[in-house]
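Chains W and X, in that order, are what the protein sequence lines are.
To convert, note that position 47 of the first sequence is 47 in our numbering; the numbers rise steadily by one, no gaps.
To convert, note that position 203 of the second sequence is 203 in our numbering; the numbers rise steadily by one, no gaps.
It is worth saying that the hints were derived from the structure and are not from the lab.
Hints may contain errors.
[Claimed, not checked] So the derived label-pair ranges between C-beta atoms look like this:
{"#": "1", "chain 1": "W", "residue 1": "Glu-213", "chain 2": "X", "residue 2": "Val-103", "range": "53 to 59 Å"}
{"#": "2", "chain 1": "X", "residue 1": "Gly-44", "chain 2": "W", "residue 2": "Glu-153", "range": "51 to 57 Å"}
{"#": "3", "chain 1": "X", "residue 1": "Asp-141", "chain 2": "W", "residue 2": "Val-85", "range": "39 to 45 Å"}
{"#": "4", "chain 1": "X", "residue 1": "Gly-44", "chain 2": "W", "residue 2": "Lys-11", "range": "21 to 27 Å"}
{"#": "5", "chain 1": "W", "residue 1": "Arg-150", "chain 2": "X", "residue 2": "Ala-166", "range": "31 to 37 Å"}
{"#": "6", "chain 1": "W", "residue 1": "Glu-256", "chain 2": "X", "residue 2": "Glu-47", "range": "37 to 43 Å"}
{"#": "7", "chain 1": "W", "residue 1": "Glu-213", "chain 2": "X", "residue 2": "Arg-65", "range": "43 to 49 Å"}
{"#": "8", "chain 1": "W", "residue 1": "Met-267", "chain 2": "X", "residue 2": "Lys-19", "range": "56 to 62 Å"}
{"#": "9", "chain 1": "W", "residue 1": "Asp-35", "chain 2": "X", "residue 2": "Asn-122", "range": "53 to 59 Å"}
For clarity, every value in this text was computed on a predicted model and none was experimentally measured.
Built from N, CA and C at the ideal position, the CB exists for glycine as well.
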Amino acid sequence: MTLDEIRAYLKAVAKRPIEPIPDAVRAALATLKRDAVASGDQVFAKLLWCYEQSLAAQEHYLCAFRHLKAGGYYDAWCELEQIEVVLQALERHKGSFWADFRLGFIQTYTAKWQKLFPYRLFYSPEFVQAEKICSICRKPVLPRSFCGHRLGEIYNGEACFHIVTKVDLGGISIVDKPAQKYSVLFLRGDKTGGIRDQYDYALVEYPVKALREPFDGWDVERTTRRQPHSRFAHVGRNDPCPCESGKKHKTCCLREAGVLRPHFEYMFEFKPPDDVLLDVVYVP
Amino acid sequence: MRDEPYTKTTSDLNLRERKAFGQLTADTRTAVEQAGIVLIPDDGFGEYEGPVFPQGTVDFLHFLRDHAPSGTTVEIAAEDTNYKEVALHFDIIRLATLFVEYVAAPTAVALIAEYLKHRLGNGLKSAEARTAVVVHQKDGDREQTVRIAYEGPAMNVEGALRDAVASLGNASQSGGIVSTSGPLKALPDTRKQQGPPRRKKKRKNRR
């Protein structure tokens with residue numbers, strides 16, 4: 001594959017089938033980069049690194065969409081986090097490829113999907129990093145003996161990052177804004193002892209059903225609406241109000257026309273399949 | 001997360017009085033004392049009692065050195081031998097505390113804001129940051145070291161710290177350089193536009 005063919009492949013991401021990216025594309029990029037490094041062309045090697053990362057972001061996005069369609073929500077969640085990591089490293093080297101390869105779209109929609117997930121609590125460790133090395137030269141990362149490689153910059157077609165080689169674990173906490181998003185809290189199954197997914201994915205499921213292609217546009221608007229009291233007949237007057245205000249039901253929404261609950265309104269660029277539209281309940 | 005955009009407290013420790021300063025070699029001490037901006041550590045983390053910096057401090061240090069105006073030197077109050085960073089469990093960008101003379105404070109604030117833009121890119125809009133600037137003021141015999149700590153949206157860091165530094169100048173002009181203990185009153189959150197006060201609705205008790 002030539003560079004032009006690779007570029008055309010990356011540009012056509014929205015029209016490609018939702019399949020894993022062929023090894024041939026990756027291999028062609030690796031060969032071009034090796035040649036660029038051998039000839040000392042750092043600028044071209046850096047551009048090829050950007051293309052590699054663009055390819056990775058596209059692959060994670062398509063993979064996340066495949067998982068979503070198959071109901072593999074946690075797997076999709078992990079792919080979305082990978083996109084965040086890849087794009088954060090790539091963003092500072094942004095060029096025309098960012099728009100050409102739909103990376104802005106991928107970044108925007110990654111955040112949109114993540115907001116629909118029901119995960120709220122995560123495990124997260126805290127630790128003292130006693131030793132770190134530079135990924136380029138393998139020398140220790142120290143304030144007074146600088147190896148010369150800047151974090152996030154590209155050297156010989158590779159990004160510089162720090163590898164933590166020795167840590168003292170301080171503790172593991174349960175947090176709502178974790179440093180890493182993959183450490184979601186799951187329950188353990190009663191019988192098997194395996195993971196039991198206790199989460200309600202209704203907010204994710206609806207756009208998943210409605211979207212035909214991963215690059216179809218959509219949006220969601222979060223508001224609140226009053227739901228009929230008949231839906232909350234099981235809630236006693238002295239129970240906490242289902243609107244989660246922290247007040248008693250009788251002193252909160254029971255006095256109103258209905259119970260105030262979150263309401264999500266989805267908008268789609270393309271008309272969803274008819275069977276999905278049938279799921280819509282019109283609330284006057 | 002606090003409601004106020006930043007908090008401001010006084011501190012009675014100048015650079016020489018800090019625990020970390022005593023652990024430096026003579027050469028490093030001289031360099032640190034002559035620097036315009038000094039990155040200072042926290043004293044310990046958990047069971048570890050030595051000096052520690054937030055994760056990514058080496059990167060922050062090099063950014064400051066690259067971007068500081070000529071004539072402003074940037075130093076770190078640490079030796080390679082006992083240098084350690086702490087990675088905390090939450091998704092907040094923590095920056096090392098900067099110790100600066102009052103005249104260099106606006107530069108330090110601008111550099112912090114620039115670094116956050118550089119590090120976070122598009123993520124700046126949604127990220128949260130925790131940072132602190134310790135400002136040293138000396139006026140004849142009177143001396144004060146004020147710590148301005150910020151925790152909140154990363155994109156508001158510059159405005160909040162700049163206002164706080166400006167308020168130090170006002171205090172100075174009105175003879176307010178007096179070391180006090182405990183938190184000073186936080187400035188009002190200018191981000192929130194307050195409307196007229198709402199009248200409390202009387203509700204009947206339906207018991």
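Cross-check of the supplied hints:
1. Hint check: W:Glu-213 to X:Val-103, Cβ distance near 58 Å, so the stated range 53 to 59 Å holds.
2. Our hint of 51 to 57 Å for X:Gly-44 and W:Glu-153 is violated, since their Cβ atoms are close to 32 Å apart.
3. Checking the proposed 39 to 45 Å range against X:Asp-141 and W:Val-85 shows it is violated: the Cβ atoms sit about 53 Å from each other.
4. Range check, X:Gly-44 to W:Lys-11: about 53 Å between beta-carbon atoms, so the 21 to 27 Å window is missed.
5. Judged by the Cβ atoms, the range 31 to 37 Å given for W:Arg-150 and X:Ala-166 holds: they are separated by roughly 33 Å.
6. Our hint of 37 to 43 Å for W:Glu-256 and X:Glu-47 is violated, since their Cβ atoms are close to 53 Å apart.
7. Our hint of 43 to 49 Å for W:Glu-213 and X:Arg-65 holds, since their Cβ atoms are close to 48 Å apart.
8. At about 57 Å, the beta-carbon gap between W:Met-267 and X:Lys-19 stays in the expected band of 56 to 62 Å.
9. Checked against the given bound of 53 to 59 Å, the beta carbons of W:Asp-35 and X:Asn-122, roughly 32 Å apart, lie outside it.
Checked against the numbered hints given earlier, this structure breaks hints 2, 3, 4, 6 and 9; the rest are met.
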